[in-house]
Every structure is written in structure tokens, then in C-alpha cells.
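The whole structure should be built from the sequences, with the hints applied where relevant.
One line per chain: the protein sequences are A and B, in this order.
So for the first sequence, my numbering puts the first residue at 1; every next one is plus one.
So for the second sequence, my numbering puts the first residue at 1; every next one is plus one.
These are calculated hints, taken from the structure and not from any lab test.
Take these hints with a grain of salt, some might be off.
As the list claims (entries may be wrong) - What follows is a set of in silico ranges between Cβ atoms, one per label pair, in the way DEER data are often shown:
id, chain 1, residue 1, chain 2, residue 2, range
1, A, Glu68, B, Gln146, 39 to 49 angstroms
2, B, Val268, A, Lys72, 20 to 30 angstroms
3, A, Arg104, B, Leu336, 57 to 67 angstroms
4, B, Leu180, A, Glu181, 43 to 53 angstroms
5, B, Val201, A, Arg75, 56 to 66 angstroms
6, A, Asp131, B, Asp297, 26 to 36 angstroms
7, B, Ile49, A, Gly65, 32 to 42 angstroms
8, A, Lys72, B, Val204, 28 to 38 angstroms
9, B, Ile49, A, Lys241, 31 to 41 angstroms
10, B, Leu217, A, Lys170, 57 to 67 angstroms
Where is the CB? At the ideal position from N, CA and C, for every residue including glycine.
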Amino acid sequence: MKFAHWLTGTVFGASMLLAGAPAHAVTIGFSQVGDEGDWRPAFSKDMQDEAKKEGIDLKFADAQGKEEEQLKAVRAFIAQKVDAIIIAPVVVTGWEQVLREAKRAGIPVFLADRDVDVTDKSLTVTRISADFNLEGRLAGAWLAQASKGQCNVVELQGTVGAAPAIERKKGFEAITSQFPEIKIVKSQSGDFTTEGGKKVMEAFIKSTDNLKGICGVFAHNDNMQLGAIQAMKEAGLNPGKDFLLVSVDYVPAMKDELAKGEASASVELRSAIGKYIYPVVLNYLKDKKELPRWIKIPSDLHHAAAPND
Amino acid sequence: MSTPTPGTPASPKPAAEQAQPSALKALLRHRLVWPILALVLVLIVDAIISPGFFQIRIVQGRLFGNLIDILYRGMPPAMIALGMAVVISTKGIDLSVGSIIAVTGAVMAWRIHEGDSHYVILLTALCVGLACGLWNGFLVSVLEIQPIIATLILMVSGRGIGLMINLLYGGTNPSFTSPLLQGLSTGNLGLVPTRLVVGAVMIVLVWLLVRRTAFGLFLESVGGNAKSAWLSGVSSRLILLSAYLISGLMTAVAAIILTADTHTSDPVTSGLYSELDAILAVVIGGGSLAGGRIYLDGTIIGVLVIQALTTSILTSGLPPEYNLVVKAVVVLIVLLLQSANTRAAVVSLLARRKG
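See below:
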């Protein structure tokens, strides 16, 4: 029985070779964090759609936010002898062992989204993701241009200590610090939530006497900006008209606000990034050429039709 | 955190305190004096660091100012804390309130997308809260699971349930518009924000139930000594069950206000850590986690202390990295002030210096 199996396999393989068929479909294992929020499910769906387009046999595993599920999925990929593994890590630490197993099996590992913390950098080929710092810089550059370099800004920070909050702040300040007349006059954490953004903006409105002298609001994500817009409207202010509002994410609700002109601009956090990730993986499988440690996916900024008119 | 002792201590009086006039002594021994003092202290600090903190104006036909904000933002936590006070008086605890907010909010957004009448949704939301309370109460009173574990189950699973409800209708953009619900949350009646009226009505209802019927006595007797309460003919099981029902219902009221405030269902973050603030408010108000006591007035002052603190941190311009540290330090000071042991130690230390 076993022999017969082996035989058919060999015959089939040989016939494939004889027929001169193109190299067999590339099999890629993709271990995703989970399906929390809006962005991640859209990212998962795009990875599956793009794989179909590229003719890739994608094995998709949802770790449901659990590290042990993710490790199990990666080990399963190794056992299935996939051609490459893409990981969107649940956590930063604890990867050394399983990555070494992948390396021993000769399977290249790519990171999407977050980074991992390993001493041996050769365990992964590269990381392909958006750059929070770049998003902050883009928002800062837009605000600098729209305000012609003169603006008192209030800032709604993300959760204290979170990587996107730290990097978006740094990126934004890197640009706005070039302009002596752009100042961040108030800055507080709205915890990345609509409720938080609304609460903080309510307090800002009171402590600045109805945002007197304020020209811009920079929020580290759209949800907080949506809350800020509500707070401003409830206080009788005109967001988008009397104030420049720039944030990051470009969620569906923000699209509506931009269309209504109640927000000014939003940097898109792309979920359709399969088209950036797969070519890198496929090219590497072909030529095994060494890649930079981090391949950044370009950001995109959307603004209201006629800003500040 | 230090174990808070009630405001009416029976500790031995040091010499210095006995010398004080008796009216002042009686006042200092009133259980509400320390929480109120804490609130006044926070407000005084506000007046110093941000001029115009107490300014109240009329904007968009409603009262507008930091003090209004404290009441406005404090209303949902007050609802949760009152429910928590009821549960804590029975020697219980309800860790699931944040998750109840998540589930209730998700159900509201879902039913609005399905096109239910918004009056029906209001009732549905209250029923969701009651159902969650029934579940907690069933685990605690019928299955006799420890309250902290029993309510942990819903605390952990509730946000997942909320996300699953979002998936029922796609849920990638679970925002909604509802004149009725948003009116309750962000509208105003005359000059007064509607939610303050809703809050006042709920406070009166809970007060009537707890202080004008025998229910409050039953709660405290079950919390104080369940066995002797049972022996004197109080059905502990029914009392426990109704305590969790009240907590679920009050949390649902908070959930309606919070969800309609941002008119978005966000099961991952809505009401996050609200259980901790609620427990803290009860404790600042003089409640004891050992049960047997319920102070509705103290609890509300506790909520105001926490909310005044939050509002002042937001207006102070302090970097957000310090938010939690400042809050922790102030809470510690408040709890130390309340502790009769600490006060006695300070007084005797001062007396020794003088002597």
C-alpha cells in the first residue's frame, strides 16, 4: 500500500516534470494574530484574496490572540513543509525556539505587522510593515502645509507606552519641530478610544477657553478624533472648518467625516498590503537575495475635498 | 492598598484629640467628613493650577464648565458604583460590570441596525443588564460560587460575546444614530444635561429601595452574617440574587448612556476598568469589602472624588505618563486619611513632638 502510494507519487511527479509544467504552486503558511478590530479582519481577507490572485496556496491560521495557538500553527506549517511562513506575531518575545526549528527545516520566515525580539537576526528574512513614525511625519507635514507653518496644536495621544503612540508622536514632532510657529500646546492620552478622545477634548475645550488660539488637532488614531469631533460639536465649535483635524487609520467612519468636511485629513493604515508582502516573499524564494531588515509599506493620506475653506 | 476603616472608629482617643471641642470632634467622627474633605482638597488644587476651573457658562443652551463635566462624566460611574455598593454590602463583588457595558452596548448597536423601535431597544438594553445580573446572581446564590470567581467568568467572556454580537450584522462600523438614546445621553432638559436628570432619578429609586424598605436591612444582614440572617428568616439566596440583578440593571443604565454618548459599540474598550473605579468609589465612601454596610451618599461622593481627580488631571496639562501615578497617590492619601489607625498614629506622633 505504502509502496503503491510512493509509486503513484513518483509517477505523478515525473509526469509533471516531463510535461514541463511551471514550478509547483508556492505554499505559504500565514499565522495571523486574530480578528480584533476592523483593520485585522480586512488584512486577513486581503492576504487570502491576493494569494488567490498570485496563485499561491495559502494556509491561513488564526491564533485568536493567543501565543500558544500561534506557535502551534507555525509548527504545523513546518511539519507540512510549506515553502515560506509569514507571521503577524501576537507577542514580541518567545520566538527563538520555533524560529530555529523553521530554519533547520530550511523554511524562510517573514514578519508582517509587528516585530519579534530575537538575538539571532538571521532567523527571519525581513519584516514587511507600515511605519508608525512615517504616519506621524505624514500627518505633521500635512498640518504644516495646511496651516502654512503657523499652528497651535492639541494632541490626543494613544495609550501611554504603546508603540504606535510613541512613534506617531515622534514622527509628528520630527516634522513640526522644523516650524518655529507650530507648537503642541496640550497633549493627553485618549487611550485610542472614541470615549477617551471625547473626554480629553471636553477637558481641552474647558482649559483653553473654547479652544481659543488653537488651530489644529492631531489624534494618534481616528477613533479618538471621532470622539473629539463629537465633543467640539457639542460645545458649538466647527471642526474641519475652524480647526484642522488630522489623524491616523482612515476607518470607514472617518471617511464619512472627511466627506462631510468635519475632519480634515487622515493617514491610511492600509489593510490591503498583500500586494506588498507576496512579491517580496516570492522573489526571495526565487533568488534568495538578502533583504533589508525592514521593508516599509508606504503610507497614504486622504483629506477632505476642500480643506479649511 | 490599605484596608479602609469606617469613618466612625471606636479606637482609643489620644490626648490631643480629646482636648478638641466636642462639636468639632463629633463632626470629625462623621463618616462622610473624610470623603468630602478629599473632594474639597482636589477642587482646591484645581482652583490653584487652572484659573477659571469653577467657571460655569451657558454654551449651546446648556450649562458648560469643569464642574458640570465632573457631574456629567461622573454619572455613568455613579450608576455602576451604586450597583456595586449594593453587591459589596452583601460581602460580594461584581467584576463583570465593564463586560456588561460591552455586551449591552453591542446589543444596542445590533438592534438599532436591525431597525427595532428605539423605545424597545431601551427596554432590551435594561433586560440585557438584568440577564447578566441574573447569571452572576445564579452563580453566587444558587451554585454558591465565590463572587469574585463567579463574576470573573462574565468579566472574561463578556467582551468576546460583544464582538460576536457585532459580527451578527458585519459590525465593521458599528456606529448608529438614535435621537432618543443620544438625547438621553448628550441632550439637555432646559439648561441641565439629560443624563444628570436620569442619574438623579436612578439615585432616588435606589435610595427608596435601600433606605425606605426593609431591603437595605436585609442586604446588610446577609453581608454581616449570612447564617444568622437566614436563621432570623431572611432568604439570603433571594437577597443575594437581587443584589446582582440591581448591579446588572444599574450597569445597563450606565451602558446606555456611555454607548449613546459616542454612538458606537466598541466591545473591546468600552467601560474598561470601570469595575475598579466602582469598587474604589464604594471604599472611599466608607463601604467595607467585608460587607454588612451600605452607604449610598458616601459612594456618590467617592465617585465625585475620582471623577474630579480625572477631570483635573486632564485639564492640568500634566504629561499623560503621570496620570495613573497621580491618581494612585491621591487615592492612597484619601484612604490613609480615612483610616482611624493612621490618624491616631499621626496625632500621637504630633503630641509626642509637642510634649
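Given a hint of 31 to 41 angstroms, does the C-beta separation of B/Ile49 and A/Lys241 actually sit inside it? holds (32 angstroms)
(Q) Given a hint of 39 to 49 angstroms, does the C-beta separation of A/Glu68 and B/Gln146 actually sit inside it? (A) violated (28 angstroms)
Just to be sure I understand the hint, the distance between the Cβ atoms of B/Leu217 and A/Lys170 should be within 57 to 67 angstroms; is that true here?
holds (59 angstroms)
**C-beta pair B/Val268, A/Lys72: status relative to the range 20 to 30 angstroms that was hinted** = The hinted range 20 to 30 angstroms holds for B/Val268 and A/Lys72, with Cβ atoms some 24 angstroms apart.
field: Pairwise beta carbon distance, A/Arg104 to B/Leu336, judged against the given window 57 to 67 angstroms
entry: holds (58 angstroms)
Do B/Leu180 and A/Glu181 keep their Cβ atoms within the hinted range of 43 to 53 angstroms?
This hint holds: roughly 46 angstroms between Cβ atoms.
* **Status of the given 32 to 42 angstroms range, CB of A/Gly65 versus CB of B/Ile49** => holds (41 angstroms)
#### Entry: Range hint compliance [Cβ, B/Val201 to A/Arg75, 56 to 66 angstroms]
At roughly 58 angstroms between Cβ atoms, A/Arg75 and B/Val201 fall inside 56 to 66 angstroms, so the hint holds.
Taking the CB of A/Lys72 and the CB of B/Val204, does the distance hold inside 28 to 38 angstroms? violated (55 angstroms)
- Query: Could one say that the CB atoms of A/Asp131 and B/Asp297 fall in the range 26 to 36 angstroms?
  - Reply: violated (53 angstroms)
Hints 1, 6, 8, counting from the list given before, are not met by this structure.
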